[in-house]
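Trainee: Fit chain B with the ligands to the supplied structure of chain A, relying on the hints for placement.
Protein sequences appear in the order of chains A and B.
Taking numbering that gives the first Met the number 0 as reference, the numbering of the first sequence is continuous, increasing by one, and the terminal residue is 371.
Taking numbering that gives the first Met the number 0 as reference, the numbering of the second sequence is continuous, increasing by one, and the terminal residue is 254.
It should be emphasised that the hints constitute simulated quantities derived from the structure, not laboratory data.
Given the structure is predicted, the values throughout are model-derived calculations rather than measurements.
Chain B stretches covered by chain A per the calculated footprint, using a threshold of three residues with CB under 8 Å from any CB of chain A:
#	segment
1	48 to 62
2	75 to 89
3	173 to 183
4	191 to 201
5	206 to 215
Simulated restraints on C-beta separations:
#	chain 1	residue 1	chain 2	residue 2	range
6	B	Ile234	A	Val356	23 to 31 Å
7	B	Val190	A	Leu100	41 to 49 Å
8	A	Pro315	B	Val122	45 to 53 Å
9	B	Phe180	A	Asp227	14 to 22 Å
10	B	Val216	A	Val356	17 to 25 Å
Even for Gly, the Cβ is constructed at its ideal location relative to N, Cα and C.
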Amino acid sequence: MIIPDSYPWELGETLGEHLERRGISRREFLGFCSRLGVMLGLGSLMGPSIMEALAQQRRPSAIWLSLQECTGCTESVLRTADPTIGDLVLDLISLDFQENLMAAAGHAAEAALHDAMEANRGSYILLVTGGVSLAEGGIHTMIAGRPAVEILREAAEGAAHVVAIGACAHWGNIQASNPNPTEAVGVGHIVTGKPVVNIAGCPPIGDVVTATVAHILTFGRVPELDADGRPLFAYGVRIHDNCPKRANYDAGQFVEAFDDEAARKGWCLYKVGCKGPVTFSPCPIIQWNDRTDWPIGAGHPCIGCTERHFWDTMTPFYGRLPGIAGFGIESTADVVGAALAVGAAAGVAAHAVVTGVQRARHKPDEIEKEEV
Amino acid sequence: MTPVSGQRAGAPPVRMGPRPGTSSPGNYRWVYLWHWPIRAMHWAAAASILVLVVTGFYIGRPYFMVSGGTTGTPYLMGWMRFLHFLAAGVLVATGIVRVYWLFAGNRFERWRALFPVRRKDWVNLAKTARAYLFIRPREKPEYLGHNPLQQISYTVIYAVTLIMVITGFAMYGQSNPGGLFHTWFGWVTGVFGGVQSTRLIHHLLTWVFIIFVPVHVYLALRVDLLERTGTISSIISGGRFRPANVKYEDDRPEE
Ligand code: HEM
Ligand code: SF4
Ligand code: SF4
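Here chain A stands alone, though its shape is the one from the complex:
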């Protein structure tokens, strides 16, 4: 789909003209723009305005860097729910550099990156998957003989907008989890001075990426972000507050084990460690794989993949609360608490016994005290 030049653009052509030439009807385009408006939380009535804005776009350049990552996010973006949306948006931009998709390799690829950066300095959109490593001068992630962090700095400098796609680009992901041997960090750690949009998730939902890019193209600025740089239109609500199993949660109907009767009935996954109550993501709404399903819908608890440091903070994935370091892996909060409570109760009982014995023995004690 986004093999560059599958539908060659003519020089100076606007998107409107381009679509017309491609035989995409106004109606189709309006439908797409209306759905985009809904996704962005602006309402379907915004469709015509979005369409107008997009139609006038001349193809902006985009550069996609793949750094310390596994390519899963690219896979996810390629599988956007509505193929035409993904197509359109990714076709809308001139994806001048994408290592995994472009035909060029080696020196030719490096040259393409260089040329794209030079030709569109100050105006291109920088999409990044993967973080960078800082330890030992960044040598743990080398691309074309250069540390990834250097490539990122250079590419970000000339970018108009920076979009960090996926948990690796967001905060470093599993590479950055305890003990973080490569000192992995996210894009926002390196790029300062311009807003970095964090499309959180491991991987993120492709449609969120395309909607964000469409927003940038339509309005010329990044969408409204939350405190962690995530677009509010997607990450503004908790999974728990949009979950179809919420009724079971409220009723007190819980799965206790993955193959029990409750699991077959599709009850709430809270007791088997669901992190929906602490996770902000549009999974229940946008869903995955052409909107066929999503993790909780398939009976698996949410692991909180859109939250920073989720490998450290959301584990154990099948337990509700984090374990307590220093008390052994098996210790849960309640084991420690109960032990202390039993200790305190025993202490109280022992104290009461000693008090009784002393009182029986030392009646004079009190008399003396009275005579002071």
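Mentor: Chain B with the ligands alone, transformed into the frame defined by chain A:
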């Protein structure tokens, strides 16, 4: 300033202690210690903490479950959370009363009474702690209000309650991002290292109350039984008795 202790001289003792030398009626006086806002606050806090612990543990680990199908299912977790938040509101109200009374109350109720501030208090703290460990109990300093050990433990309980309130509201705010509680208490999760650790702290500190309450009740019963000065009654009626021949560390300076 409010007059300090408000003692009512000559109130008839209801029941004599077994102690020789204190058995004539005039030797006991009734001391008014706790104004009604403090007493009301105490019992409202006690009730709300009871509700918070019970419902909180249900929220944390739904320990009983409803069977049944899709119709007529109770709103069990819903009610538990509702009660938790209702009790949380009551607890916050008691906190506001307490903070106000830290400045408006008598000297037993004021903020100073929550901290062993003077050097003498620290010496007495050691002596009191020793006495409770059955070491030289005769040296135990007597207090009309809170002894230094009580001062410290109540201060700790207030501090823990404050942490419960801020971690609680931080979690509460999550259901409405950008809303009032989310805006006011958003910093909390940052301080505690994420929502999950905030939740863990809220959960763990619950045990502080579970441990505190029996110890608190035991010590209150013990002092009531041993000293027979109506200590337990003081949190109901507001006052206790003082035998004339006991010297109190927190007595009025002129007495
Ligand atoms: C003495 C005071 C309190 C006690 C003992 C207490 C106890 C608990 C416990 C044990 C939990 C379960 C934690 C878990 O395992 O997830 C909990 C959850 C919670 N508490 Fe408290 N709590 C107290 C005060 C408060 C206050 C003042 C608030 C303020 C609103 C509050 C709000 C919450 C919330 C929002 C939750 C999570 C509920 C949910 O996940 O839906 N708590 N509490
Ligand atoms: S399955 Fe998870 S997100 Fe859904 S209601 Fe239960 S706890 Fe909340
Ligand atoms: S349900 Fe939770 S863990 Fe799964 S993809 Fe969505 S946010 Fe990530």
